[in-house]
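Taking the hints into account, I'd like the entire structure generated from these sequences.
Number of protein chains: 2
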Amino acid sequence: MPANTSGKWKVALVGSGNWGSAIARLVAKNVKERSDDFDTEVRMWCYEEDYEGRKLTEVINEKHENVKYLPGISLGDNVVAEPDLLKAVEGANALIFVIPHQFIQQTCRQLEGKIPEGTQAISLVKGVEVKDKEIHIFSEVIKEHLGVECAALSGANIANEVAKDSFSETTIGCRDIEVAKKWARLFETEKFRVAVSKDVLGVSLGGALKNVVAIAAGLIDGLQWGNNAKAAVMRIGLLEMKKFALEFFPGTEAETFVQESAGVADLITSCFGGRNRKVAEAFIGSGKTFDQLEKEMLNGQKLQGVETAKELHEFLKARGKVNDYPLFTFVYNVAYEGVKPDEITAHI
Amino acid sequence: MPANTSGKWKVALVGSGNWGSAIARLVAKNVKERSDDFDTEVRMWCYEEDYEGRKLTEVINEKHENVKYLPGISLGDNVVAEPDLLKAVEGANALIFVIPHQFIQQTCRQLEGKIPEGTQAISLVKGVEVKDKEIHIFSEVIKEHLGVECAALSGANIANEVAKDSFSETTIGCRDIEVAKKWARLFETEKFRVAVSKDVLGVSLGGALKNVVAIAAGLIDGLQWGNNAKAAVMRIGLLEMKKFALEFFPGTEAETFVQESAGVADLITSCFGGRNRKVAEAFIGSGKTFDQLEKEMLNGQKLQGVETAKELHEFLKARGKVNDYPLFTFVYNVAYEGVKPDEITAHI
Numbered sequence: 001m002p003a004n005t006s007g008k009w010k011v012a013l014v015g016s017g018n019w020g021s022a023i024a025r026l027v028a029k030n031v032k033e034r035s036d037d038f039d040t041e042v043r044m045w046c047y048e049e050d051y052e053g054r055k056l057t058e059v060i061n062e063k064h065e066n067v068k069y070l071p072g073i074s075l076g077d078n079v080v081a082e083p084d085l086l087k088a089v090e091g092a093n094a095l096i097f098v099i100p101h102q103f104i105q106q107t108c109r110q111l112e113g114k115i116p117e118g119t120q121a122i123s124l125v126k127g128v129e130v131k132d133k134e135i136h137i138f139s140e141v142i143k144e145h146l147g148v149e150c151a152a153l154s155g156a157n158i159a160n161e162v163a164k165d166s167f168s169e170t171t172i173g174c175r176d177i178e179v180a181k182k183w184a185r186l187f188e189t190e191k192f193r194v195a196v197s198k199d200v201l202g203v204s205l206g207g208a209l210k211n212v213v214a215i216a217a218g219l220i221d222g223l224q225w226g227n228n229a230k231a232a233v234m235r236i237g238l239l240e241m242k243k244f245a246l247e248f249f250p251g252t253e254a255e256t257f258v259q260e261s262a263g264v265a266d267l268i269t270s271c272f273g274g275r276n277r278k279v280a281e282a283f284i285g286s287g288k289t290f291d292q293l294e295k296e297m298l299n300g301q302k303l304q305g306v307e308t309a310k311e312l313h314e315f316l317k318a319r320g321k322v323n324d325y326p327l328f329t330f331v332y333n334v335a336y337e338g339v340k341p342d343e344i345t346a347h348i
Numbered sequence: 349m350p351a352n353t354s355g356k357w358k359v360a361l362v363g364s365g366n367w368g369s370a371i372a373r374l375v376a377k378n379v380k381e382r383s384d385d386f387d388t389e390v391r392m393w394c395y396e397e398d399y400e401g402r403k404l405t406e407v408i409n410e411k412h413e414n415v416k417y418l419p420g421i422s423l424g425d426n427v428v429a430e431p432d433l434l435k436a437v438e439g440a441n442a443l444i445f446v447i448p449h450q451f452i453q454q455t456c457r458q459l460e461g462k463i464p465e466g467t468q469a470i471s472l473v474k475g476v477e478v479k480d481k482e483i484h485i486f487s488e489v490i491k492e493h494l495g496v497e498c499a500a501l502s503g504a505n506i507a508n509e510v511a512k513d514s515f516s517e518t519t520i521g522c523r524d525i526e527v528a529k530k531w532a533r534l535f536e537t538e539k540f541r542v543a544v545s546k547d548v549l550g551v552s553l554g555g556a557l558k559n560v561v562a563i564a565a566g567l568i569d570g571l572q573w574g575n576n577a578k579a580a581v582m583r584i585g586l587l588e589m590k591k592f593a594l595e596f597f598p599g600t601e602a603e604t605f606v607q608e609s610a611g612v613a614d615l616i617t618s619c620f621g622g623r624n625r626k627v628a629e630a631f632i633g634s635g636k637t638f639d640q641l642e643k644e645m646l647n648g649q650k651l652q653g654v655e656t657a658k659e660l661h662e663f664l665k666a667r668g669k670v671n672d673y674p675l676f677t678f679v680y681n682v683a684y685e686g687v688k689p690d691e692i693t694a695h696i
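Chains as they are written, first to last, in the numbering used here: chain A, 1 to 348; chain B, 349 to 696.
Treat the hints with care, as some may be off.
Listed below are the simulated PhoX-like cross-link pairs for lysine-lysine, each with C-alpha atoms no more than 20 Å apart in a straight line [to be verified]:
| hint | chain 1 | residue 1 | chain 2 | residue 2 |
| --- | --- | --- | --- | --- |
| 1 | B | 626 | B | 636 |
| 2 | A | 131 | A | 143 |
| 3 | B | 512 | B | 416 |
| 4 | B | 539 | A | 191 |
| 5 | A | 340 | B | 539 |
| 6 | A | 55 | A | 68 |
Simulated coverage check for chain B against chain A, where a stretch passes if three residues somewhere in it have a Cβ under 8 Å from a Cβ of chain A [said to hold, decoys possible]:
| hint | region |
| --- | --- |
| 7 | 450-456 |
| 8 | 577-584 |
Worth flagging that the hints you see were computed from the coordinates, not collected in a lab. In this text, a Cβ means the ideal position worked out from N, Cα and C, and glycines have one as well.
Structure below.
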């Protein structure tokens, strides 16, 4: 079946966290301005929770603002928060997945068999799925469950900055160039510049693996070792990311890591401004676990770097390759095995 | 004539600024510990100036500290500051050039015909030399003048951090692997990790071109556009650096820019911690020129990014290639032509 690029796309977001809300705002603006290509209503699935005694979806739909995860930013009155997943995606033929990776399996299971053929999907989910000796990006997981094509979007995109229209770039990985262009038309604004690539794997893996390196960078900040040390850790991390992608995801393009926003630029912004960095910095000398710090510091957001480090470690162990990835392994060991952060130079 | 790697090296530094002094300290420590390979006295040529009514060289030799350019750090009692260039290099067979690039021509001219065959040199000078339609790295300029082989050392090395033994990496570019190993033995410490490459061009160009990108990154800081915008500018800058090197210096290895400390890591540390970044940040809204800010902020150190941008611009203009390097050109235009920094996204 040919890709559905000529008809109008009706867009639904599966997810409504910090990044999901920032993206909803861009999409809502664009579907209005580009209504020849898009239906102007954007539904946004929102996991229902209490917000000051009311339902969060009700507050979002009244204020047109995600008061919990992106306070102070207007989403647009054409964004409709919907607590029922199936209702949120009903009638949509373009699905944006933007949920923490811990929730992707259960969400996809609810959608199985309910998504019409020809629907296009795009994953903004950061992370990888590991089962025993197998590892997958979430574009593949979504495709597998729903039977639809799934692109990926990732880049140097700290959500709060995108939400404030600070200049940013991003990368869309999509095998079908016409579909890629339509996704670009949905997301791109004057201040949010989109580049298109065929490398779905590289785009996804950049976004997943950089979170592990950002933990290491945050540890260096906490140790106050300075910019040279941090740059060294980032360089070593970037090489491990690329090596990992090329070794375990044949077909990944090395260039994506060193040329695209989804590669080196996302690594840079995450190692200087992201939440993984921030929590890892606070870890030093705190005597607390990453779990505790996540709860205290992230207001319900998830800390993806240590979770991804754990998944990578399980996978590398199953493949007998732990020693080939010393930086990833070190982050795992600090987070779960009590290894001291200041021993890093003996390991990498 | 075979490279002089079996005999002892007697080392002299040509230069004694912030970076030169930090390097002198490492070298002084290593020649003592590795006296089988090196003579234990390190002479350091020091452009004589007044320091609180005394000669700077006298104060350095009394305190074993460069009180003006690296205050608070002991250089080691085997570093001898010498104001006479020819006396400083007399008897030396290993020369470390570490002066601002504005001074390399006049310094080399004084040394012409005075350097024995078989002497090894290494350039830590940042920048490029442009004459009309020709462009050269300083390793080539030194080789041309003195008739000796000249390697290059560059990396993510903010001088004050290296001086305090914070963990850092660097890259030595040297075509002869045995000579490279001896240079590594001279510089490497537990906290200053040296990688060796044959790519003298890439190592030199990384150190020269990143200063221009660091100016752009500093402008973004001054504009307070956030981490995403800065990462985008750094990504675009890294691609321009690589493109420039490959186009005008045939034989450069692209990998150096994306894998080595002299490439992406140096770019990162310079865009977050370096003096080019700092002055460019202060430029925003100051109403002052870069020249004024250099004098006010840098205590006699040179601001290399805008000078290099000017040289690149002259060269690109002579070659009719200005439009192919929009970021380099933009930095030139801001520094010399009054273009407003906040117009950057319309140019790159």
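So, going through the hints one by one against the coordinates:
Proximity of residue 626/B to residue 636/B is assessed by CA-CA distance (about 14 Å); at most 20 Å being required, the pair is judged to hold. A threshold of 20 Å between alpha carbons decides the hint, and for residue 131/A with residue 143/A the separation of about 17 Å falls inside it, so the pair holds. Of the pairs offered as hints, the one joining residue 512/B and residue 416/B holds, with about 16 Å between alpha carbons and a cut-off of 20 Å not exceeded. With a C-alpha separation of about 41 Å, the suggested pairing of residue 539/B with residue 191/A is violated against the 20 Å cut-off.
For the suggested pair residue 340/A and residue 539/B, the alpha carbons sit about 18 Å apart, so the restraint of at most 20 Å is met. For the hint pairing residue 55/A with residue 68/A, the CA-to-CA distance comes to about 11 Å; that is within 20 Å, so the pair holds. Only residues whose C-beta sits within less than 8 Å of a C-beta in chain A count toward coverage, and the region 450-456 of chain B has 0 of them, not enough to reach three; the restraint is violated. Residue count for the region 577-584 of chain B with a Cβ under 8 Å from a Cβ of chain A: 6. That meets the three needed, and the coverage hint holds.
The structure fails hints 4, 7 (numbered hints given earlier, in ascending order).
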